[in-house]
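S.K.: Taken in order, these protein sequences are the chains called A and B. All residue numbers for the first sequence refer to our numbering, where the first residue is 1 and numbers rise by one. All residue numbers for the second sequence refer to our numbering, where the first residue is 109 and numbers rise by one.
Don't take every hint at face value.
[What the hints assert, rightly or not] Within a straight-line C-alpha distance of at most 16 Å, the following computed EDC-like cross-link-like pairs (lysine to aspartate or glutamate) qualify:
| no. | chain 1 | residue 1 | chain 2 | residue 2 |
| --- | --- | --- | --- | --- |
| 1 | B | Lys165 | B | Glu176 |
| 2 | A | Lys79 | A | Asp93 |
| 3 | A | Lys42 | B | Glu126 |
| 4 | A | Lys45 | A | Asp93 |
| 5 | A | Lys42 | A | Glu15 |
| 6 | A | Lys45 | B | Glu126 |
| 7 | B | Lys191 | B | Asp171 |
| 8 | A | Lys2 | B | Glu152 |
| 9 | A | Lys42 | B | Glu111 |
| 10 | B | Lys191 | B | Glu176 |
| 11 | A | Lys45 | B | Glu176 |
| 12 | B | Lys191 | B | Glu210 |
| 13 | B | Lys186 | B | Asp170 |
| 14 | B | Lys165 | B | Asp179 |
| 15 | B | Lys165 | A | Asp93 |
| 16 | A | Lys45 | B | Asp171 |
| 17 | A | Lys42 | A | Asp82 |
| 18 | B | Lys211 | B | Glu109 |
| 19 | B | Lys211 | A | Glu15 |
| 20 | A | Lys79 | A | Glu15 |
| 21 | B | Lys186 | B | Glu111 |
| 22 | B | Lys191 | B | Glu126 |
| 23 | B | Lys211 | B | Glu126 |
| 24 | A | Lys2 | B | Glu167 |
Simulated from the structure, these hints should not be mistaken for lab results.
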Amino acid sequence: RKEVEQDPGPFNVPEGATVAFNCTYSNSASQSFFWYRQDCRKEPKLLMSVYSSGNEDGRFTAQLNRASQYISLLIRDSKLSDSATYLCAAHNDYKLSFGAGTTVTVRA
Amino acid sequence: EPEVTQTPSHQVTQMGQEVILRCVPISNHLYFYWYRQILGQKVEFLVSFYNNEISEKSEIFDDQFSVERPDGSNFTLKIRSTKLEDSAMYFCASKNAFATNEKLFFGSGTQLSVL
Chain A
1 RKEVEQDPGP
11 FNVPEGATVA
21 FNCTYSNSAS
31 QSFFWYRQDC
41 RKEPKLLMSV
51 YSSGNEDGRF
61 TAQLNRASQY
71 ISLLIRDSKL
81 SDSATYLCAA
91 HNDYKLSFGA
101 GTTVTVRA
Chain B
109 EPEVTQTPSH
119 QVTQMGQEVI
129 LRCVPISNHL
139 YFYWYRQILG
149 QKVEFLVSFY
159 NNEISEKSEI
169 FDDQFSVERP
179 DGSNFTLKIR
189 STKLEDSAMY
199 FCASKNAFAT
209 NEKLFFGSGT
219 QLSVL
């Protein structure tokens, strides 16, 4: 079973829309969770950490549900510049494991 | 913001040749990682390294792979005898502390093409 699974999308949304997607993780011992953004052929860049209480950073809201072992990301008021692949990541012990990514395309 | 530096940005090699991918982690960081991403696939963990030892390695990291911190600044990944399927983008990463919520900084990657 994959450590981290994501809906690959693509999510194709108009500017200004809200888009949300989830990620599940299999290792209940995972300690920390993150959302990264990856643009084509570039390195992953940290978007935000995810906390149990849920956290918000501007237009981005992340939630962690430990009981169901999933995390979510919601993007409000989508911008063209939000078009990217969003990687979910779970950290346990000595490594950070990534999902395969969810592709979001924001159209004008 | 401090950066992880990787060289070269592109490497082309013949099958069976040895390659060394180089990384300069952020200067006060203690934990180092290599990841790879085959075109169209996910970012895969290869190995983590701390205190001059491998902390954890994945199934991908077989005997053909090795890592080294030859001096106080460089962190290298060596592939002894490259195969076609080693073609991928290789990312180096580092972080300052063991805490799992500590941010991992990624380099911009080395695109390895094995012909």
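S.K.: None of the hints should be skipped; say for each whether it holds.
M.R.: Here is what the structure says about each hint:
1. B:Lys165 with B:Glu176: holds, 14 Å
2. A:Lys79 with A:Asp93: Distance of about 36 Å is beyond 16 Å: violated.
3. A:Lys42 with B:Glu126: violated, 25 Å
4. A:Lys45 with A:Asp93: violated, 21 Å
5. A:Lys42 with A:Glu15: violated, 24 Å
6. A:Lys45 with B:Glu126: violated, 30 Å
7. B:Lys191 with B:Asp171: With a Cα-Cα distance of about 13 Å, the restraint between B:Lys191 and B:Asp171 holds, given a limit of 16 Å.
8. A:Lys2 with B:Glu152: holds, 12 Å
9. A:Lys42 with B:Glu111: holds, 14 Å
10. B:Lys191 with B:Glu176: Outside the cut-off at roughly 21 Å; violated.
11. A:Lys45 with B:Glu176: violated, 25 Å
12. B:Lys191 with B:Glu210: violated, 34 Å
13. B:Lys186 with B:Asp170: holds, 11 Å
14. B:Lys165 with B:Asp179: violated, 21 Å
15. B:Lys165 with A:Asp93: Holds. B:Lys165 to A:Asp93 sits at ~12 Å (cutoff 16 Å).
16. A:Lys45 with B:Asp171: violated, 30 Å
17. A:Lys42 with A:Asp82: holds, 15 Å
18. B:Lys211 with B:Glu109: Satisfied, since the Cα-Cα distance of roughly 13 Å is no more than 16 Å.
19. B:Lys211 with A:Glu15: violated, 30 Å
20. A:Lys79 with A:Glu15: Distance of about 5 Å is within 16 Å: holds.
21. B:Lys186 with B:Glu111: The hint is violated at about 22 Å.
22. B:Lys191 with B:Glu126: With a Cα-Cα distance of about 10 Å, the restraint between B:Lys191 and B:Glu126 holds, given a limit of 16 Å.
23. B:Lys211 with B:Glu126: Distance ~32 Å between B:Lys211 and B:Glu126 Cα, so the pair is violated.
24. A:Lys2 with B:Glu167: holds, 14 Å
In this structure, the earlier hints numbered 2, 3, 4, 5, 6, 10, 11, 12, 14, 16, 19, 21 and 23 are contradicted, and the remaining ones agree with it.
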